[in-house]
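Chemist: Sequence:
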Amino acid sequence: MKKSIVLAVLVACFAWSNAKAQKVKNVKLSDIHSEYIEVTAVKRGFSDKILISLQYGQKIESFNEDSIIRDDKNQELEYNSALDCVNKMKDYGYELFQVYVESYESGNQKYYVLKRK
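Heads up, the sequence shown is in this note's numbering, so the first residue is 29 and it goes up one at a time.
These aren't lab readings, by the way, just hints derived from the structure by calculation.
As the structure is a prediction and not an experimental result, all values here were calculated from the model.
Be aware that one or more of the hints could be misleading.
As the list claims (entries may be wrong) - Calculated cross-link-like contacts (lysine-lysine; reagent style DSS-like; alpha-carbon spacing at most 30 angstroms):
#: 1; residue 1: Lys138; residue 2: Lys118
#: 2; residue 1: Lys71; residue 2: Lys145
#: 3; residue 1: Lys87; residue 2: Lys101
#: 4; residue 1: Lys138; residue 2: Lys116
#: 5; residue 1: Lys101; residue 2: Lys118
#: 6; residue 1: Lys138; residue 2: Lys77
What the hints assert, rightly or not - What follows is a set of in silico ranges between Cβ atoms, one per label pair, in the way DEER data are often shown:
#: 7; residue 1: Gly121; residue 2: Phe74; range: 33 to 39 angstroms
#: 8; residue 1: Ser62; residue 2: Ser134; range: 16 to 22 angstroms
#: 9; residue 1: Lys145; residue 2: Lys56; range: 26 to 32 angstroms
#: 10; residue 1: Ile88; residue 2: Ala49; range: 17 to 23 angstroms
#: 11; residue 1: Gln126; residue 2: Phe74; range: 30 to 36 angstroms
Where is the CB? At the ideal position from N, CA and C, for every residue including glycine.
Work out the full structure: start from the sequences and follow the hints.
Modeler: Here it is in structure tokens:
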């Protein structure tokens, strides 16, 4: 019994040490209490992974610095898709509200609007 408790504690400590705080413009996602937020995918050069731009009403002077989701070491977090991020935002109390597409000369861009539950 003691071995299983010690093992569980070690696993929890290891998981905690690898946890990454997610933030946008130095604001933790858990501290964002906007009614609506908008996320969109940002393609990376030679990677299958994408970055996520998250806007909640913050002032954006530099798109890359002010809207990309980063970890606690200020490294850009990579996602598999925009829906990957939408699914993870459920943990922060948001649900998908609307999806819209804007057309540009370079192609189409999907925007996901999430609403606080």
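Chemist: Indicate, hint by hint, whether the structure satisfies it.
Modeler: Hint check:
Distance check on the hinted pair: Lys138 and Lys118 sit about 19 angstroms apart at the alpha-carbon level, within 30 angstroms; holds. Annotation: proposed proximity of Lys71 to Lys145 holds, straight-line Cα distance about 29 angstroms (limit 30 angstroms). Pair hint Lys87 plus Lys101 holds up; C-alpha atoms about 22 angstroms apart against a cutoff of 30 angstroms. The suggested pairing of Lys138 with Lys116 holds, with an alpha-carbon distance near 18 angstroms, which does not exceed 30 angstroms.
For a cut-off of 30 angstroms, the pair hint linking Lys101 to Lys118 stands: about 23 angstroms separates their Cα positions. For the hint linking Lys138 to Lys77, the alpha-carbon distance of about 16 angstroms falls within 30 angstroms, and the restraint holds. Between Gly121 and Phe74 the Cβ separation comes to about 35 angstroms, which falls inside the hinted range of 33 to 39 angstroms. Distance hint check: the CB atoms of Ser62 and Ser134 are about 29 angstroms apart, inconsistent with the given range 16 to 22 angstroms.
In this structure the supplied range 26 to 32 angstroms is violated for Lys145 paired with Lys56, their Cβ-Cβ distance being about 18 angstroms. At roughly 21 angstroms, the beta-carbon separation of Ile88 and Ala49 lies within the given 17 to 23 angstroms, and the hint holds. Take Gln126 and Phe74: their Cβ atoms lie about 32 angstroms apart, and the range 30 to 36 angstroms holds.
Violated hints, in rising order: 8 and 9; the structure is consistent with all others.
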